[in-house]
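Participant: The primary structure of each chain is shown beneath.
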Amino acid sequence: MDLGIIATVLDSALRLSIPLLAACLAGLWSERSGVVDIGLEGKMLVSAFAAAAAAYAFGSAWIGLASGIIASVAFGLVHGFASISQRGNQIVSGVAINMLAAGLTAIVGNAWYGQGGRTPPLEGVQRFDGILLGHSALVYIVLLAVPLTWFVLGRTRFGLRLRAVGENPAAVDTAGISVTGLRYAAVIIGGILCGIGGTYLSVGQAAGFLPNMTAGRGFIALAALIFAKWRAWPALGACFLFGLLDAIANQLQGLFIPGIGEVPVQAIQALPYLMTVILLAGVIGKAIPPRAAGVPYVKER
Amino acid sequence: MSPAIELIAINKSFGTVHANRDVNLRVERGTIHGIVGENGAGKSTLMSILYGFYEADSGEIRVNGAPVRIRSSNDAIQAGIGMVHQHFMLVEPLTVVENVMLGAEGGAMLRAGEAKVRKELARLAQDYGLDIDVDATVGDLSVGLQQRVEILKALYRGADILILDEPTAVLTPAEADALFELLRSLKAQGKTVILITHKLREIMAVTDRVSVMRRGEMVATVETADTSPPELAELMVGRRVLLRVEKTARAPGAPVLDVRNLSVVDTRGVRRVADATFTVHAGEIVGVAGVAGNGQSELLEAIAGMRPLSLGSIRLGGRDIPLSQHNPHRMRELGLLHVPEDRLRMGLVPAFSAFESAILGFSDEPHLGPGPLLDHDRLIADLAKKMEQYDVRPPAPRLKTSNFSGGNQQKIVLAREIERNPKVLLVGQPTRGVDIGAIEFIHRRLIGLRDAGVGILLVSVELDEIMHLSDRILTMCGGRITGERKPDETSEQDLGLLMAGVTDEAA
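Quick note, the sequences are listed as chains A and B, same order. In the numbering used here, each residue's number is its place in the first sequence (first place is 1) plus 1172. In terms of the numbering used here, the second sequence has 310 at position 320, counting the first letter as 1, and numbering is strictly consecutive.
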């Protein structure tokens, strides 16, 4: 295999890992605060749509980004209201977010543009162009979120409180800090990150929105989050690894193995999930989630 | 001098339950003030109001003479009140320093505040002997040390008034003694301590004054020096209570349980019980004393058939139990019944109705219903009868098991096991988390069984209980039986030494 192919694969691995990483970090913030977030997929999808629609309407990729973030945060707040304020089941709320996003984007898109749920193709300033090494600003924003997450969680007052509230909210409450406030803050940060990830899909990587264009990336991001044991730098590693598998899968498409035949794409697409299961079972040990993740906080007597 | 805390006519209701009714309390500065009462008497609610977890419906709180409004834990901390909760409010994956800092970080960046915390912790360690590895992960610390972190948290926040809620429930006797030492030195430095407990011995040992609560009301406040455990017990329950149930001497009968060279190795390969040999006779209570975690639990579980023996043998009523029959079901059929230590984990299903919990382990008995079916009406009628005999409150067989108080849950388990006419009864921690009134009842039942000729093996971490009930006492340390005593020929000190592994041979 020559160097050219390797460079191509690595380059596309980075592109493919960016939306995963954005969603994975979003999940990290949310779950470290104790709010399980399986709605990453839905939030990315709704932000991808909002970003493409706004970028097309206003002729600006940056306005697209802002709209994508607003849409994603709004969905995040719905999840927050259900699971933090109303103490609802976080899995049910997350599933609802995903279904709502899938249906809403397709229906609204079709009503507005009449192109089977697609937005009109974006071009020029409606898209994010490469600014460095052929990658757009969004790529660097998402990469920068990794050290930022690490620093804020590990070295600041806000981060300490956030980590504590995901493990034992009662301890935070008795220390005189608002559990609700911290969790909403985490959900909003998660919304912003999902918004950037979704915008990258439709306004950075592609040139417009396609129905269901997230294609399960929100769920792979959850696998990466477990794989990374809810930590920022390992999340970067896990997402890049999954992006790499995806890039290799693209290269392998149509590959013929003697005696077996053509490698089915599905087999390779399943690799990230298989990797997570196998590596967690054997190699890297047990992944223990934040103890209070998924449990609504109720003051006890 | 105005008192440190003054509560005036505090009222608090939860729905129809009046948890605190016109409660008045005055706690003098620089004293240790005990608050006693049965479960549900309103102690915890009162302290939660003082710490801002709840707001009172009416009433006034004064701290150092000045009226204050405490609407959140923050307000309480501001007023100089610190609380050590029964279930620690610690974040286990964080370090000691991080736990102490939480909520009092001293700036947006952790680094600046951290130096201050370290300095302050070093000072507290010196002043009060509160030594601790400040970089240790809290989850790795022993329970005693975790409690120390809780106290440090309160002191770091400048608490002048320290509330401790059942602080010794989770401690070994030695750790409890160390805690009392600490409380005395806090008092010597002018701090005020409020101690909530149901252990009267602790009240007598460490407090200056004690207040008694009953059914949401404050019924008395007395000088500790002027009162006695029986008087306090009577105030708590509202009637005369025997702290020590009378029992007559009785000559033991034939051996009913023979344990020979029993050893238990757990799933991690650690030896939990080593070479235990003893006999329990008919009409005899044999008590096993020891600090929690020294093999008593494993010993009970092994005899009951819940754990495999790695060595040794068991004889029940004169017949050897072959390995193939050593399981809980068969042991029960052979007349060995078991009241397990942890009723919520092993004795009951909290989510079941009481009448369902009351047949656990016996659900295939033919009289419970036709064929594979259970006759609910019959089960409910059966339990209603037992509830009357055992004074279970409320006597409601359909009520969810978890809605009963600890003492009443324990009575349900006892009724289930005792009514099956055991030859041998294994009993683990029969009165853990049980009210004084119910303790008396349970002790009476156990002595009644013994008088009826049942052989009882009793495991308890409460030395009083062991001393009162047992005809013979075995001590355990590190999985070994370290001694055997008659209750009237020993003392707490003597047993304490044996429990610490100082054996007769070594002495």
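Derived from the structure by calculation, the hints contain no laboratory data. Here the structure is a predicted model, which is why all the values come from computation and not from measurement. Built from N, CA and C at the ideal position, the CB exists for glycine as well. There may be inaccurate statements among the hints.
As the list claims (entries may be wrong) - Facing chain B, from chain A, some residues (calculated, C-beta under 7 Å): (1) R1259; (2) R1299; (3) G1302; (4) T1328; (5) A1336; (6) E1339; (7) N1340; (8) A1343; (9) T1346; (10) A1347; (11) I1349; (12) G1353.
Participant: Confirm or reject each hint.
Facilitator: Here's how the hints hold up against the structure:
no.: 1; hint: R1259; result: violated, 18 Å
no.: 2; hint: R1299; result: violated, 37 Å
no.: 3; hint: G1302; result: violated, 36 Å
no.: 4; hint: T1328; result: holds, 6 Å
no.: 5; hint: A1336; result: holds, 5 Å
no.: 6; hint: E1339; result: holds, 5 Å
no.: 7; hint: N1340; result: holds, 5 Å
no.: 8; hint: A1343; result: holds, 4 Å
no.: 9; hint: T1346; result: holds, 5 Å
no.: 10; hint: A1347; result: holds, 3 Å
no.: 11; hint: I1349; result: holds, 5 Å
no.: 12; hint: G1353; result: violated, 12 Å
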